[in-house]
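I would like the entire structure built from these sequences, with the hints used as guidance.
Protein chains in written order, with this note's numbering: chain R, 1 to 191; chain X, 1001 to 1183.
Derived from the structure by calculation, the hints contain no laboratory data. Treat the hints loosely; a few may be bogus.
Here are the simulated distance ranges between beta carbons [what the hints assert, rightly or not]:
| no. | chain 1 | residue 1 | chain 2 | residue 2 | range |
| --- | --- | --- | --- | --- | --- |
| 1 | R | Ala39 | X | Gln1016 | 51 to 57 Å |
| 2 | X | Arg1145 | R | Glu35 | 21 to 27 Å |
| 3 | X | Phe1041 | R | Lys81 | 23 to 29 Å |
| 4 | R | Val108 | X | Gln1016 | 54 to 60 Å |
| 5 | X | Arg1145 | R | Thr86 | 37 to 43 Å |
| 6 | R | Ala39 | X | Leu1005 | 17 to 23 Å |
| 7 | X | Lys1066 | R | Arg83 | 26 to 32 Å |
| 8 | R | Thr77 | X | Gln1115 | 43 to 49 Å |
Keeping only pairs whose Cα atoms sit at most 25 Å apart, straight-line, the calculated DSS-like set for lysine-lysine is [what the hints assert, rightly or not]:
| no. | chain 1 | residue 1 | chain 2 | residue 2 |
| --- | --- | --- | --- | --- |
| 9 | X | Lys1078 | R | Lys70 |
| 10 | X | Lys1170 | R | Lys55 |
| 11 | R | Lys80 | X | Lys1170 |
| 12 | R | Lys81 | X | Lys1057 |
| 13 | R | Lys88 | X | Lys1078 |
| 14 | R | Lys55 | X | Lys1085 |
| 15 | X | Lys1057 | R | Lys80 |
| 16 | X | Lys1171 | R | Lys70 |
| 17 | R | Lys44 | X | Lys1171 |
It should be emphasised that the depicted structure is a prediction, and the values quoted were computed from it without experimental measurement. C-beta: ideal position from N, C-alpha, C; glycine also.
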Amino acid sequence: MNDKLTREDIELLMPFYVNGTLSDGEQQQVEAALETDQALQDDKDFLQRLQAEVKSMPDAANSPGEFGLKRLQNSLTVQKKVRNSTQKWRLAAIAASFLLVVQTTTMVMLTPGPDGYRQAGGEQTGQLLLVTFQPDATEAQIRELLLNQQLSIVEGPSALGIYTLSAGSDPVAVSSRLEQSDIIDSVQLNQ
Amino acid sequence: MDDVLMLERIASGDEQALGMFYQRYESRLFRFICSKIADHFEAADIVNEVFLEVWQKAEQFQQRSKVSTWLFSIAYFKTVDRLRKTVPDALSEETLDKLEDEAPGSLACLIQAEQADQVRHCVSTLKPDHRAVMELTFFEEMSYRDIAAIVQCPENTVKTRMFHAKQAMKKCLQRLLNRESGS
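Here is the structure:
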């Protein structure tokens, strides 16, 4: 149930009494006030005439109508194209990222270790030699020996002066030959 | 098809339903927007924006209000937003006060004898906020509660805006009547 409305409240509600949107409680109080208040009755009559005039007023200008609908449909088409284009770019970006990951992984797996040498592990394990040179061996002598025996340095020298050498196809024979060299201090097969 | 069902179809991506919804509401929305904005081309732009938003946000409609209330709220928000961007002082009370009684059309009104023309003239001199509320009250026949939801203000503000609109209309029509009788 509504609280008792003042005359001012009734006057404020009058437009909505005229358009028929008040609650039942509000409507009853407005109707009760109208029975005894001529000024409110005049107000109601004025508002009713005003509503009738407003409702019969033609639009100030033609609404967009069918042209507006075409425009709306065109806007939707543009939105779809933009969305599709965005989705394509998104997919392309995902594909490119995936490709980059695959490429990077492949490169890491296939690229030789530092300085162009292969890692000591894997298939070369049985053909490696651990070698130390005489302290007075020169770089020229070491280079000549390695070239003659077709050896290459895989790792080293370590802190103890040990070189890991790749021995080619017959490491035992190479090892024997190295032991006979004046500049070799020790040779050991790394099986 | 009722409004809610139509919105559900729009939410599912049915462009035909959007077309039907447009045809149901476009002229009413246009009229309402024109009550606040003078440029009819801008009003048509806003109508387009409103229906695009309906297309994008139909699935967010939760039936807490009537569809028409939701729709007119979008229109009102976009219209006010446009006014703020294009005419920064369009909403100031000082500007609105000048519009009410001294609109440029006053002189032309003197030679119009028909009541409908007088009413139309006086409506055109109302403050935009008052005119919008009167449009929703008398043309759309909405409750003050729905109007408050649309124009995002307290219910009492809607009632007082409508009261001031009525007073301004009385004053304007009385002035026209006096001028006619004096001529």
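We went through each hint and held it up to the structure:
no. : hint                              : result
1   : Ala39/R to Gln1016/X: 51 to 57 Å  : holds (53 Å)
2   : Arg1145/X to Glu35/R: 21 to 27 Å  : holds (26 Å)
3   : Phe1041/X to Lys81/R: 23 to 29 Å  : holds (25 Å)
4   : Val108/R to Gln1016/X: 54 to 60 Å : holds (55 Å)
5   : Arg1145/X to Thr86/R: 37 to 43 Å  : holds (41 Å)
6   : Ala39/R to Leu1005/X: 17 to 23 Å  : violated (46 Å)
7   : Lys1066/X to Arg83/R: 26 to 32 Å  : holds (30 Å)
8   : Thr77/R to Gln1115/X: 43 to 49 Å  : holds (47 Å)
9   : Lys1078/X to Lys70/R              : holds (21 Å)
10  : Lys1170/X to Lys55/R              : holds (17 Å)
11  : Lys80/R to Lys1170/X              : violated (51 Å)
12  : Lys81/R to Lys1057/X              : holds (19 Å)
13  : Lys88/R to Lys1078/X              : violated (32 Å)
14  : Lys55/R to Lys1085/X              : violated (31 Å)
15  : Lys1057/X to Lys80/R              : holds (15 Å)
16  : Lys1171/X to Lys70/R              : violated (43 Å)
17  : Lys44/R to Lys1171/X              : holds (16 Å)
Hints 6, 11, 13, 14 and 16 from the list above are not met by this structure, while the remaining hints are.
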